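For the record, the sequence lines run as chains A and B.
For the first sequence, numbering that gives the first Met the number 0 begins at 0 and goes up steadily by one.
For the second sequence, numbering that gives the first Met the number 0 begins at 0 and goes up steadily by one.
Since the hints were derived computationally from the structure, they do not count as laboratory data.
It is possible that some hints are incorrect.
Here are the computed lysine-lysine pairs in the DSS-like style, where the Cα-Cα straight-line distance is at most 27 Å [to be verified]: (1) LYS36/B - LYS152/B; (2) LYS176/B - LYS204/B; (3) LYS123/A - LYS63/A; (4) LYS174/B - LYS152/B; (5) LYS58/A - LYS5/B; (6) LYS204/B - LYS36/B; (7) LYS158/B - LYS177/B; (8) LYS123/A - LYS6/A; (9) LYS63/A - LYS5/B; (10) LYS85/A - LYS36/B; (11) LYS123/A - LYS58/A; (12) LYS31/B - LYS85/A.
Computed from a prediction, not measured in an experiment: that's the story for all the values here.
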Amino acid sequence: MISEELKRGIVSENPIFALALGLCPAVAISTSVINAFGMGAAVIFVLTGSNIIISFVRKWVPDKVRIPCFITIIATFVTIADLLMKAYAPLLNRQLGIFVPLIVVNCIILARAESYASQNNVRKSALDGIAIGCGFALSLVVIAAVREVLGSNRLFGLTVVPGFRPMLVFAIAPGGFFTIAALLALVNYRRLKKDKNNL
Amino acid sequence: MSETIKLALALALVCVFSGIIISFTHSSTAQKIEAQKLREQRSALSQVFAPGARIVDTVGTPPLPRQYWIGRNGPSTTGYAFVVESRGYFGIIRYIAGIDEQGRIMGMKILSQSETPGLGARVEELVSEKSLWNAFGGGVRKNGYQWFMEQFKGISVNKPLYVSTALEWRFLPEKIKKEFTGSNTVSAITGATVSTRAIIAGLEKNLPTWYAALHGGKL
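Extracted from the complex, chain A is given alone in its bound form (with noise of 0.2 Å):
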């Protein structure tokens, strides 16, 4: 139930190679593998924390007024991110800036909030938030991954070739579309022949 949970947001609903959705701070924070991480972390706490609260309240809330509902209880989530992160990891968050009270308006949130912990109960949800948090995370850390080689010679903060000069143009925003339009070509590629396969 879990790994298939996992599985599904992961592989077959991963946000950013699947639905395509997150992109913005996917192409923002993907400059260094530890950001990757730290603004993963913040995702899947946010996601895990805001899809259990939505899924709790969902009959209670009126249909009318759901949207507003739901960023609140999302902005809410982010604020506490935040304030934790400034209280327990001042370092990466002064990395991840503006981008973590921006997690509010990233639309893998409201997506499985009105698409997922609205119509589902509280266990299932949670379990979509961690699974699709997973996804987004491991995306970011694949892209942050391949930019932060490319655009800056390093991994994890330590020069990979000595005396290389890296091309500049991974570390800034072209570069990461440049990368997540060739990651995502990728996967459609596997994806598509595996489909042929199976006819």
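Assemble chain B onto chain A, guided by the hints.
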């Protein structure tokens, strides 16, 4: 009508609950966050001044800032440190700058900034000389240093400052690094000229005035 009230009540209830939870989190982390800030400031100060210096909190009168620090070594003054604020690409960049009696920068350290991650935020990027392969081979991992702030060491605040956009400081050979310092030149961060200029502008705007005020108006 009653439906409108029902909707408003539901929304209000959600907001009240979230307000309570946030204020609870805030009050339980506020002390810790404040302590983190103070710790950062203290560690920045100890890095700016020469080791062994006694750091004295000083209250300044205009044109000096309200709070600055004097480093003392026995009876003699080793230098001064100030908090400098400057407008960057997104928000205020706050950093500590220390100068010696001759107006040369002893060290600089970023306190807070909100520049673009991966570009302007690299003003506080740590560079460790160790490469990935060495790290796998074991051995002690050397602490990194903020290469961008490091290059200001020895720069005089009383002379014009030049910016080179050719190559980042961390890639320069030792000989050129010395030439840069000698000619009051620092290198810009590639792709983040605005953030680089902001830090330099903060120095140019404040430090000469403060230095002059400390030395009775004579430069």
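Hint numbers contradicted by this structure = none
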